[in-house]
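S.K.: Chain order of the listed sequences is W and X. Just so you know, we're using the working numbering here: the first sequence kicks off at 1 and counts up by one. Just so you know, we're using the working numbering here: the second sequence kicks off at 1 and counts up by one.
A portion of the hints provided could be inaccurate.
Said to hold, decoys possible - Looking from chain W toward chain X, a few residues come up when the C-beta cut is under 7 Å (computed): (1) TYR11; (2) LEU35; (3) LEU42; (4) GLN134; (5) ILE195; (6) ALA261.
Unchecked claim - Examples of chain X residues lying across from chain W (beta carbon under 10 Å, computed): (7) ILE30; (8) GLN35; (9) TYR45; (10) MET81; (11) THR111; (12) ALA112; (13) ALA129; (14) MET148; (15) ILE190; (16) PHE191; (17) PRO229; (18) PHE293; (19) THR304.
Hints were generated in silico from the structure; no laboratory data involved. Glycine residues also receive a C-beta, built at the ideal position from the N, C-alpha and C atoms.
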Amino acid sequence: MGILRRNLTAYGFLCAALFCFTVFAWYPMVREFVLSFQKTDLINPPTWVGLDNFKAAVADPAFGEAWLNTVEFTLLALLCGYAVPFVVALVLNELRHARAYLRFVVYLPVMLPPIVAVLLFRWFYDPGPGLFNQVLDFFHLPPLAWLDSSSTALISLVLVSTWMNMGSATLIYLAALQNIPPELYEAAELDGAGILKRIRHVTIPQTRLILLLMLMLQIVATMQVFIEPYMLTGGGPENATVSVAYLMYQFAFSQMNYGQAGALGMMLMFALLLFAAFQLRTTREDRA
Amino acid sequence: MISVGARAATGRRRQRRRSPKPIQVQFRTIVSPHQLNSRWGRRIYWLVLVAVIVLFTLAFVFPLYWMITGAMKTPEEIAQMPPTLTPEAPSLDAFFEAWDLFDIGTLLANTAYYALGAWLFSMAVDVTAAYALSKLRPMFGNVVLGAMLATLMIPPMVILIPLYVTIVDLGLLNNPWGLWFPAAANGFNIFLLKRFFDSIPRELIEAAQIDGAGPLRVLWSVVLPVSRPILGVVSIFTIVTAFKDFVLPLLVMTDSEKMTVSVGLSQTAGAVTQNQVMGGLFIASIPMIIVFFIFQRHIMAGLTAGSIKG
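Kindly produce the complete structure, drawing on both the sequences and the hints.
M.R.: Below, the structure is given as structure tokens:
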């Protein structure tokens, strides 16, 4: 088969994918860049406005809060969504019974559509007959306002998010733990390492790559938190749960200001890329 | 002598009572088998096991129990304080009411249609692309692959607005293709498929070529049959993702006749009673729970397929 013919067939096979990627993945990235310098409502022809969109986005009263909330949400979600699954996986890996049941159960919420988890927890958080306050009441503890108070709203969102997402992280860690060669533990034990030392000197170094990868994936995933504030709080109370992604949605679909949403999207993309670059560098230094 | 005999007897009894039925150790983990089967090791093990089972059941099964029994309560009972642990007069009415009020039949049919379409279309697109990149190796193939993988670095939320604008420009609002095209532009699927195709021995393909098979025939009769495991994993994840997707269908499928089940529930949940909401949520969860029961093994294998060695 000639080179030309081979290339023609290959690109023939590729053309559908190239079309999908070009129009629905690559072009939107360029479009976002263009959009952020335009004023458009999708009905009238767009006009160029320079940096106005960026200025307007920064000047929005919720802008600072949205970033703070997103960072806070990410940090809290890391604490719950990153550390907890690892500890859970460590414990599960030690157990010799009911393994299939426990794995099934922890992954069950991941299979549910997010809307189910979110609406279910909205009911649990109900300050009156909601499950959580009733449980607190049962133990004679004072009720909490959950989603209605700016001090507990964000952590309530993190709780839902952790509940519905931690299954996949747990199972990925569990698989990584099972790949650790048993000889390493035996050697560590012969050297007199206790359980904590074995975790520190065998388990964590052996799973470091996957831990770093999951850290990056989790941060990128939590930075785009949307459905939780959208369904549970609408960004309130007092902007306590506005995330950057939610603010972007509001710019676009409440204020019909797609350019301003694009500008905010550019900032989020830039923040994530910066983070990814930083992460890549530390990983590489780690390996060297 | 008596005392000695007595001591021996109690010793034997103690031995019998703690007849060491060792905990099975198929694989070595942090805790050594020796430690695990020591007296305290075993006590702690059983304590932790029971605690974990109870905790997991409370955390992950009890909310679902509360959802189902909530749907079986009357609106008065569900708002009662303190709540009843089991419904006083279990009734299935709320499920039927939810079915009618949310129009769940239509919503589920829509969602299934979008999910199956997304699956068929992205399999066709991604398999042919991965095959071309892996086996036909065109010029600039690596550049194309790199550009496709680069999209994985850009989180979907970030390009949501321009993607929506593009879909509006193309007139694909309320058109399933508005969901299917973006679903096919999936760099992760292409990565998984290409990596599997790379591992297919060249001899297998050359043998088919000597027999006169063209590229399409090779793909259909050689590559696809040996790639069943990865095709299964990619299929399940594409379907589950399409079923769970919320934001894009929220923006693209805005007609109430064309909504997905997630979006439909989110729009109507404020207008019905709490037990009807729970009934609706339960019905909406059934398809994915069934999928999970059937394909549990594939899903759990697939979770680690991409991440461990990738």
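S.K.: Holds or violated: is the Cβ of X/TYR45 closer than 10 Å to a Cβ in chain W?
M.R.: Interface hint status for X/TYR45: holds (8 Å vs cutoff 10 Å).
S.K.: Can you verify the interface hint for X/ILE190: is its Cβ closer than 10 Å to any Cβ in chain W?
M.R.: Given a least distance of 7 Å, the restraint on X/ILE190 holds.
S.K.: Do the numbers back the hint for X/PRO229, that is, is its least Cβ distance to chain W under 10 Å?
M.R.: violated (16 Å)
S.K.: So, X/MET81 near chain W? Judge it on the closest CB pair being under 10 Å.
M.R.: holds (5 Å)
S.K.: Any CB of chain X closer than 7 Å to the CB of W/ILE195?
M.R.: With a minimum Cβ separation of about 6 Å from chain X (threshold 7 Å), the hint on W/ILE195 holds.
S.K.: Can you verify the interface hint for W/ALA261: is its Cβ closer than 7 Å to any Cβ in chain X?
M.R.: holds (5 Å)
S.K.: Can W/LEU42 be said to touch chain X, with a Cβ gap under 7 Å?
M.R.: holds (6 Å)
S.K.: Should the interface hint for X/ALA112 be scored as holding, given a Cβ-Cβ cut-off of 10 Å against chain W?
M.R.: violated (13 Å)
S.K.: Taking the closest Cβ pair, is W/TYR11 under 7 Å from chain X?
M.R.: holds (6 Å)
S.K.: Minimum Cβ distance from X/PHE293 to chain W below 10 Å?
M.R.: holds (9 Å)
S.K.: So, as I understand it, the hint says X/PHE191 touches chain W; can you test that by seeing if any CB pair is closer than 10 Å?
M.R.: Violated, about 12 Å.
S.K.: The hint names X/GLN35 as touching chain W; please verify it with the least Cβ-Cβ distance against 10 Å.
M.R.: holds (8 Å)
Figure legend: structure checked against the earlier numbered hints; hints not met, in rising order: 12, 16, 17.
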